[in-house]
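Trainee: Spelled out, the chains give:
2 protein chains.
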Amino acid sequence: MRPQWKTIFVSGGAGYIGSHCIVELLQQDFEVIAVDNFINSVDENGDAISLKRVRQITGKDVKFYQCDLLDTEKLDYIFSQHSIDCVIHFAAMKAVGESMKVPLLYYQNNLIGAINLLKVMKKYKCQQLIFSSSCTVYGNPKFLPITEDHPVGDEITNVYGKTKHFIEEMLKDVSTAEEEWNIICLRYFNPVGAHPSGLIGEDPTKPFTNLMPFISQVASGKKNVLTIFGGDYETVDGTGVRDYIHIMDLASGHIAALRKLEAEHLKWKVYNLGTGRGISVLELVKAFEEASEKKIPYTIEARREGDIYAMYANTDLARKELNWKAQYTLKQMCEDFWRWQTMNPNGYKPNDQTSSNSSSATASQQNNHKTNGH
Amino acid sequence: MRPQWKTIFVSGGAGYIGSHCIVELLQQDFEVIAVDNFINSVDENGDAISLKRVRQITGKDVKFYQCDLLDTEKLDYIFSQHSIDCVIHFAAMKAVGESMKVPLLYYQNNLIGAINLLKVMKKYKCQQLIFSSSCTVYGNPKFLPITEDHPVGDEITNVYGKTKHFIEEMLKDVSTAEEEWNIICLRYFNPVGAHPSGLIGEDPTKPFTNLMPFISQVASGKKNVLTIFGGDYETVDGTGVRDYIHIMDLASGHIAALRKLEAEHLKWKVYNLGTGRGISVLELVKAFEEASEKKIPYTIEARREGDIYAMYANTDLARKELNWKAQYTLKQMCEDFWRWQTMNPNGYKPNDQTSSNSSSATASQQNNHKTNGH
Chain A
1 MRPQWKTIFV SGGAGYIGSH CIVELLQQDF EVIAVDNFIN SVDENGDAIS
51 LKRVRQITGK DVKFYQCDLL DTEKLDYIFS QHSIDCVIHF AAMKAVGESM
101 KVPLLYYQNN LIGAINLLKV MKKYKCQQLI FSSSCTVYGN PKFLPITEDH
151 PVGDEITNVY GKTKHFIEEM LKDVSTAEEE WNIICLRYFN PVGAHPSGLI
201 GEDPTKPFTN LMPFISQVAS GKKNVLTIFG GDYETVDGTG VRDYIHIMDL
251 ASGHIAALRK LEAEHLKWKV YNLGTGRGIS VLELVKAFEE ASEKKIPYTI
301 EARREGDIYA MYANTDLARK ELNWKAQYTL KQMCEDFWRW QTMNPNGYKP
351 NDQTSSNSSS ATASQQNNHK TNGH
Chain B
1 MRPQWKTIFV SGGAGYIGSH CIVELLQQDF EVIAVDNFIN SVDENGDAIS
51 LKRVRQITGK DVKFYQCDLL DTEKLDYIFS QHSIDCVIHF AAMKAVGESM
101 KVPLLYYQNN LIGAINLLKV MKKYKCQQLI FSSSCTVYGN PKFLPITEDH
151 PVGDEITNVY GKTKHFIEEM LKDVSTAEEE WNIICLRYFN PVGAHPSGLI
201 GEDPTKPFTN LMPFISQVAS GKKNVLTIFG GDYETVDGTG VRDYIHIMDL
251 ASGHIAALRK LEAEHLKWKV YNLGTGRGIS VLELVKAFEE ASEKKIPYTI
301 EARREGDIYA MYANTDLARK ELNWKAQYTL KQMCEDFWRW QTMNPNGYKP
351 NDQTSSNSSS ATASQQNNHK TNGH
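Chain order of the listed sequences is A and B. One point on numbering: in UniProt numbering, the residue at position 247 of the first sequence is 247, and numbering is uninterrupted. One point on numbering: in UniProt numbering, the residue at position 259 of the second sequence is 259, and numbering is uninterrupted.
Next up, chain A with everything else stripped away, as it sits in the complex (with noise of 0.2 Å):
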């Protein structure tokens, strides 16, 4: 019997996926280490606002250090503070359309933040690892739903999902080369939602563009029409169809990882984190209407080249493995969502810092691998 885990690292903590996990982490009695360099997040004097709502939450602490993964001297110092069990590696830049702008600064702080993490995790000999992955490796499919070994690399035309690809391929290496490693890569279909307090959601801090946040906005009145490019797909409705999955449910299956990395020396696996079910963009478009009770008017555009039309995953690897499978429905995505944004219309910034109106939101990305971050 290998001794039970405790103290469990978390980069990119203050995130969205971060600190909705963190939550989870605590109510299952870990003890979480939690760094964010506040790129995608929001800091009140040095400590993170989301990470506060965790501890609201929670009735719990997190330990937390502003720290970029970049700065090797003050990772090493973390590292020597604790006796850390594992690793959750969630910090990454991820604005799709921005990394095709800025690659160099994508590749530098995703692949050398990695590599600098996995470096000192060896130094102090912590080698268990959960990687924050994304169904953006997948490229187009070439198959649905799909499962873990669907091939990986072909047509990844973003920098964002390049990166993803590139890390999980050093993982496998390093795992490969040398025993200790024990890795899993989680790859996320689309997480939405919010936890159910309505304390903590997504609050981005670049332009996005994942569609809930966009419906959200013409939910609210913030913006006044919904474009969706596509609908003569061949889907249920022509318009394109995304795996959307509960971020709550995305945080326990962070919890069963955990377990099996605890369990098993499984030196790299990859899992997809999807709920299995492929949901159009008119679908969720309809549920968001009756969780929030406001009528959310929308174009038809013609299709944009190089857009995906279909991607949801193939769980049964995870459901096997894992024994994880996502609980919550489409309903609870919507009205998760639309608590956290009627709660915090701005956000974790403060009531007085709006931001600007805009006439439209489009919702190209729900089926565009190019612009999808997750």
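Treat the hints as calculated values from the structure; they're not laboratory data. You can trust all of the hints, since none of them are fake.
Chain copies aren't distinguished; within one or between two, either way the pair holds.
Here are the computed lysine-lysine pairs in the PhoX-like style, where the Cα-Cα straight-line distance is at most 20 Å:
id, residue 1, residue 2
1, 101, 119
2, 122, 101
3, 101, 267
4, 172, 101
5, 125, 101
6, 331, 286
7, 123, 101
8, 222, 206
Chain B: place on chain A using the hints.
Mentor: Just chain B, lined up with the frame of chain A:
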């Protein structure tokens, strides 16, 4: 008319390909700023022995800095001291077998080295680059001869090759994002031979896996017998086939690429550098026997799994667009290698540092993309 280029920065300038390329650059009256960290080369009091020989061959000077590309401060200093027109980036860890054993070191050195170089180039607005890539990016050939539009990135089974592929992708992405970049990736096939003077040549500091050095060690009596894996491939004589190219042809290929970049804004472009002619192991052995006037005993063993049976370039694009083609014969490749080996039995090391003998040499590498650096 764009201004003519004068000063070329060469990373990995003390290495096998770098040093030969610098001979050509100097003979074309370029000023050369070379850097090297001596991982793959030998120094004498901080100066590169190979570059001392280059000065002897050309009667011209090379400015040399001992500098690792991970040392961003020193790299910045060097760029601040010179007005650089173009960079040729050879520096990389390149021992294929080693790359599988210490992948993190390879990812760190090759990827971070490239990222650091791109950053300093951008800072100093020197965004012209020739990148030393490799036919390993093609993986297992889907057709022969290999054109530049052959798929890349599939089935690259070694970390060395993956780093080359990842860097190519980075270069493509930065050149797509920023108009200023002007980049040529040269995909080398199998560089062999040495400068006809016998003063510079390949002096591996790591256990090497290339065929010609092995053959040469058998010819010189350092090893007893050459083991060839696979004698029943569908090739001219059943043994594996590669596209060997004389190092001086490779060097002149870089000059042709430099002239192309000097004249045109290509953004990002790839050229194969090979002869276009596939040579079998036994053909190479026979040519080497003739050049060295030595008998090369060999045994033929079973094929090994994963070995590529044949790989050679389609060279039309370089001929058409760079106005370059390989000139040296197989005989010259063997003669020049043998001259270098005979004149420098211990490479650049003093003669009292003899290397240890072993009883046999293997020729698996020439038909194995797993163990074939170029």
